[in-house]
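A.B. asks: Spelled out from the first residue to the last, the chains are:
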Amino acid sequence: MPKTRIEFRVNGAPREVDVFPMERLLDVLRLECGLTGAKEGCGEGECGACAVLVNGQLVNSCLVPVLQVAGAEVLTIEGLAENGKLHALQDAFASAGATQCGMCTPGMILASLQLLERIPHPTDDEIREGLAGNLCRCTGYQKIFDAARQASRL
Amino acid sequence: MRAHVPEYDLVAPTNLRDALVLIGDQRRPIAGGTDLMVLFEAGKLAYRRLVSLHGISELRGITEDPTYVTIGALATYTEIQRHEIIRREFPLLVRAASWTGAVATQNRGTLAGNIANASPAADSPPALLAYDAELELMSSRGQRWVPYASFHTGYKTSSMAPDEMIARIRVPRSTSGCIQYLRKVGTRRAQAISKVALAGLAKMDAGKVERIRIALASVAPIPLRCFETENVLVGRHLDPALIKEAKLKLAAEIAPISDIRSTDDYRRFVATNLLQEFLESVLP
Amino acid sequence: MFEIVGKPVLRKEGRDKVTGASKYIDDLSFPGMLHGATVRSPVARGRIRGIEFPPGLPWEEFVIVTARDIPGENCVALIVDDQPYLAAEYVNHAEEPVVLLAHSDKYLVEKARAAVKFDIEALPALFSLEDSLEKKQVIWGEDNIFKSFLVEKGNVDPAWLEAAHIVEGEYRTGAQEQLYIETNGVIAIANPDDGVTVWGSMQCPYYVHKALLKAFPLPPDKIRVIQTETGGGFGGKEEYPSMIAGHAALLAWKSRRPVKLVYDRAEDMAATTKRHPSRTRIKSAVSREGKLLALDIEFILDGGAYATLSSVVLSRGTIHAAGPYACPNVRIRSRAVATNAPPHGAFRGFGAPQSIFALERHLNKVALAAGLAPEELRRRNFLHRGETTATGQEIRENVNLEGLLDRALELSCYHAKLEAFAEHNRSSRIKKGIGFASFMHGAGFTGSGERYLQSVAAVEATSTGRVRILVSSTEIGQGTNTILSQIAAETLAIDYDDVDIVQPDTSAVPNSGPTVASRTCMVVGKLVESAAAGLKQTLIKSGLLPAGYTRDDFANACAQYIAQFGRLKSFSQYQAPPEIYWDDETYRGDAYGAFAWAVYVAEVAVDTSTFEISVNDFVALQEVGRVIHPILAAGQIEGGVAQGIGYAVFENVVWQNGRMANGQMTNYIMPTSVDVPRIRVFFEETPYEHGPLGAKGIGELPIDGPAPAVLNAIENALGVEVNEIPLLPEMLFKAQRVRRAPPYVSGTASRRTPFCASSSEEASIA
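Chains as they are written, first to last, in my numbering: chain A, 605 to 758; chain B, -9 to 274; chain C, 522 to 1287.
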């Protein structure tokens, strides 16, 4: 199969890639765009380490064929800070101890972002539910909840 | 990541008519991709030629009229969970949608795709069966509505023709006054494949079962509508003795297996207990 | 009072982690790089008759490596050196590596991997530790036994006659997958002229160095191993990276190109190490007063097909088997045996979770037989200062396990809940229960291990006053970079932000030992403390550093010293505390420099219509010497507890013909955010004199307690005894069908076989 040209936007900037249509958005972001923040943890849409926002919606980029993001707006972890100033969630994750090994962190922060956009002041249960698609092996989740709560209070 | 990506041919038509022609040309439709891409990455997607339905606006949206709520093929689980009328009249669909994967999966996964994937463990089919859902199967040759209850014919097989796709799903708006129940028992509380799930719908009339629907996941090669168990109940006075009788009938009607997730005995035990829990919630 | 230690400073590499700037091995790419893949045996045991490369693929474009291509020895150097890098004639486990492939097209290399065909004559294989003990086949050495230990204290035999109660039980634990979110991966560059360089995800760069030295005929300084940002280890990247590093290096050596070899999740789960499954049998004698008279423990581990670290896992499990109790007569007979499973290896806790599970379940059984509450039995038997452990180690600190127990029970409202739950359970199908476990965990290498390691740490100052820490200890999420920086900064009285950690690179840092055994803070932290103190002393003695110096004074002093002497670098080498004595022959003496002590309490609810288990609250109380960083320390406990809960009731490895059949995250169940309770963590501090600022090790402690605490709670809820983990609803369902046996009659030795899901017979009642 030949490669195809796909145009979309990543972190506010236009991108043009020549890729196979069934390439995973995850691989296109990491290899073609050099944005390695999204990680592969499972390759089956279970761990959420690959999560990014497409047109404002949290998706597992390992399950998105790149052809389907033509014309779309993608936000990765690299696009969260503005002019070097960390987003409130990034600050909270760093200070609350919500990141240990860091592999789940980009996806977890974006999932938290999506949660707080939907529910600006979530209850503890809503935080748990909102993050249930992001697996963390290091923290036992407690401090991730703390970080989300901390950021929601700002 | 085990797929040999260059071998896969994916095209993205912009309208339904073109999509149907491509499906007629033996291309497998892919909507949100949350089922097919998992197979793909495991190196197990048999289809090499696919057609993306993602950009086809005719397939989007949820509409309602006095008789039906109609869910487009591309309606996602997230959209289903947020739809006012579905929340009010078809809460089991909302609950099942909230259990399918997690937020990221729900933002992409579609009900139609889930039905087409035909897993007996899928979360929404029992609710769809309980609601007497109908599917609109469409091809270049035309379209037809079929009762969902007759859609699955065997493990991962259906009555859909090779050139057809599921265009819409509709549920009759006849749930008022019904008691509704859905419970899933999985391997954990989120992102779990069901070991057993039971959907129940009951309308009572002075202690008698006027209308009853019982449907289960993961107890047969297909999502199972339990007609025999329903027949034991319908028209009769509901009391603990009848519940016991219904449990026995259910135990015989289902055919659970042992697999990497659970055992046949356990599934049978749980299925009958879920039925009991449902029927007890209906008791006056 | 401390300025930096004990404070929640920001994690050193935290900003990079929250911005996505951290580079893990799969984020890196080298020009001209090839992608590697490993072709593995589909059968558990057999003789390789042939390897076929079917037509249809451009094999001439591939780099293909087999055992014949190994320039040095075909052996992954570790302890016994029995494991080959690539199977030559025989395969001894499913997923055993046989052929390595590399190509520039990463998609094509996957297609090629699936295409290679093996002709293997299958041989009868062993899949259970029972079959191995019975020697149904002899698959390793003369008798399938990798290692055995006998630990004796006093004499158990007479105790049975004096006992008021004799209680026996059998306890089983299954394999557990580490499931770090970042899979194993490395990149290698190798050729005979420049040597071998490997970058990768790992816990122990010097282990990899030692292993590569054997596989390649090169001098030590021509082998270089560099740890990249590592996304979790938990022991799963302790010894395994030597294997994958060797593979990548072999492909690089043959191709003269850089080679990246990264496992996907399916491969990582099926092929790499897991926690050793275990079977423990305990027979115990208790006096009328509820004092333990004897513990006779048989502890067996399934090591898989090769020895790897089984002897050391067995050692730790053996030493922890008798718990924090003063029992005068103890016999522990332990063995690690071979089966045809992929070799089991290091996983947080390293044998202790297995033996502690057994003991803490057993003591509840003993309590029942003796007519005592479980906490009362513990109280009557806890160790005190001056008393000795099973290996004869005298407790030299003021341990107060009674106080710890009391406090844990209070924090968890244990007694009130016991009563409330008993009442609730009378009329609800949701049965609630509460249970606890009391335990200890020894930090650092066992016995003479630390002395043998002779770890070295270095602290170096630059002329701007920044200080660099040089150790081979790795950051894998637990906070190595942060706490070592805190310790150095505290010792030198400089800013935390003025301290840097040098990337662990065997060509640049000394060998401070592996990042394992809960030793990084306690042992290596101590070395960093001494090295920093040495550096400060050097400056003071040189007259360049005034008393009460400021940050600028320090920088100036460093600049002047370096201008004068060229370098300001201080080394510290491990010195065993003088009073530590260990006999490797008899396995007696001081097993560990320090123990951390803990009591964990779990609250559960079981829905008896489905037997779904929910852990609803968890209290984790431990005495740890000194808390270096409150958030990191709590984070270690919380993460360990979550893994322990997974070990107890979620994480099941399904074996089919010696292969993990559920090697996907969908089917290997680890807890999500809605599956863990609120985990409430509390610390006590009794400073350990040989720890940095008094700290003991805590990395592994938290995974020892949850499984027995949770199962004790489940027994409390249901009144059914189950002694196997992972405890799944299906097993509880089956166990319910077996009626609970009445309590033992005093003075009678009765033998009961408790329910075990994996045995083919139903449980029988005495």
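Keep in mind the hints are simulated off the structure, nothing from the lab. No residue lacks a Cβ here, since even glycine has one placed at the ideal position from N, Cα and C. Hints may contain errors.
Calculated lysine-lysine pairs in the PhoX-like style (CA-CA distance at most 20 Å, straight line) [unchecked claim]: (1) B/Lys146 / B/Lys198; (2) C/Lys668 / C/Lys657; (3) C/Lys743 / C/Lys775; (4) C/Lys638 / C/Lys656; (5) C/Lys627 / B/Lys34; (6) B/Lys146 / B/Lys193; (7) B/Lys34 / C/Lys632; (8) C/Lys528 / C/Lys544; (9) B/Lys146 / B/Lys34; (10) C/Lys775 / C/Lys735; (11) C/Lys674 / C/Lys812; (12) C/Lys627 / A/Lys607; (13) B/Lys239 / B/Lys198; (14) C/Lys632 / A/Lys607; (15) C/Lys638 / B/Lys34.
Label-pair distances were calculated between CB atoms; the ranges are [what the hints assert, rightly or not]: (16) B/Arg72 / C/Gly892: 57 to 65 Å; (17) B/Asn107 / C/Leu671: 52 to 60 Å; (18) A/Leu635 / B/Pro211: 56 to 64 Å.
A.B. asks: Work down the list of hints and note, for each, if the structure agrees.
C.D. replies: Do the hints match the structure? See the list:
1. B/Lys146 / B/Lys198: violated (37 Å)
2. C/Lys668 / C/Lys657: holds (18 Å)
3. C/Lys743 / C/Lys775: Roughly 17 Å between the alpha carbons, so the hint for C/Lys743 and C/Lys775 holds.
4. C/Lys638 / C/Lys656: violated (31 Å)
5. C/Lys627 / B/Lys34: Answer holds: C/Lys627 to B/Lys34 is near 18 Å, not above 20 Å.
6. B/Lys146 / B/Lys193: Violated - the C-alpha atoms of B/Lys193 and B/Lys146 are around 32 Å apart, more than 20 Å.
7. B/Lys34 / C/Lys632: The given pair, whose Cα atoms are some 12 Å apart, holds under the 20 Å limit.
8. C/Lys528 / C/Lys544: Measuring from Cα to Cα gives roughly 27 Å; hence the hint is violated.
9. B/Lys146 / B/Lys34: holds (15 Å)
10. C/Lys775 / C/Lys735: holds (17 Å)
11. C/Lys674 / C/Lys812: holds (16 Å)
12. C/Lys627 / A/Lys607: Distance of about 16 Å is within 20 Å: holds.
13. B/Lys239 / B/Lys198: holds (19 Å)
14. C/Lys632 / A/Lys607: holds (19 Å)
15. C/Lys638 / B/Lys34: Holds, at about 18 Å.
16. B/Arg72 / C/Gly892: 57 to 65 Å: Cβ of B/Arg72 to Cβ of C/Gly892: about 59 Å, so the range 57 to 65 Å holds.
17. B/Asn107 / C/Leu671: 52 to 60 Å: holds (57 Å)
18. A/Leu635 / B/Pro211: 56 to 64 Å: violated (41 Å)
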